[in-house]
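In this text, residue positions in the sequence shown follow this note's numbering: the first is 1, and each later residue adds one.
Check before you lean on any hint, since a few could be wrong.
Have a look at the derived ranges for each label pair, beta carbon to beta carbon [claimed, not checked]:
| id | residue 1 | residue 2 | range |
| --- | --- | --- | --- |
| 1 | Leu10 | Glu50 | 30 to 40 Å |
| 2 | Gly8 | His45 | 23 to 33 Å |
| 3 | Arg51 | Gly3 | 26 to 36 Å |
| 4 | Gln16 | Glu47 | 34 to 44 Å |
| 5 | Phe52 | Leu10 | 32 to 42 Å |
| 6 | Leu39 | Leu10 | 16 to 26 Å |
| 7 | Val13 | Pro55 | 37 to 47 Å |
Honestly, the hints are just simulated from the structure, not real lab data. The beta-carbon is built from N, C-alpha and C at its ideal position, and this holds for glycine as well.
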Amino acid sequence: MPGFNWGGLLAMVIKQRALYLGAWWMVLPIGTAIAVLALGFVLIHLEMEERFIYPWLS
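Construct all of the structure, not just a fragment, from the sequences and the given hints.
Below, the structure written as structure tokens:
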């Protein structure tokens, strides 16, 4: 499927050996985006757990 994806960008960074050559600015935006997405999923999980699984605790 054509388009923008993080897997393709990470593969390009690995193929070009960007980290070894000191090009950290190629990795930082992708890593930050993945970390923010993961944090969002964790926060959604915690809120759903508090509201639906254990509502009597709050």
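Taking the hints in turn, this is what the structure says about them:
Judged by the Cβ atoms, the range 30 to 40 Å given for Leu10 and Glu50 holds: they are separated by roughly 33 Å. Checked against the hint of 23 to 33 Å, the C-beta distance between Gly8 and His45 comes to roughly 28 Å, which is consistent with it. At roughly 35 Å, the beta-carbon separation of Arg51 and Gly3 lies within the given 26 to 36 Å, and the hint holds. Our hint of 34 to 44 Å for Gln16 and Glu47 holds, since their Cβ atoms are close to 39 Å apart.
Between Phe52 and Leu10 the Cβ separation comes to about 34 Å, which falls inside the hinted range of 32 to 42 Å. Remark: the range hint 16 to 26 Å for Leu39 to Leu10 is upheld by a beta-carbon distance near 18 Å. Evaluation of the 37 to 47 Å hint for Val13 and Pro55 yields a pass: the beta carbon distance comes to about 44 Å.
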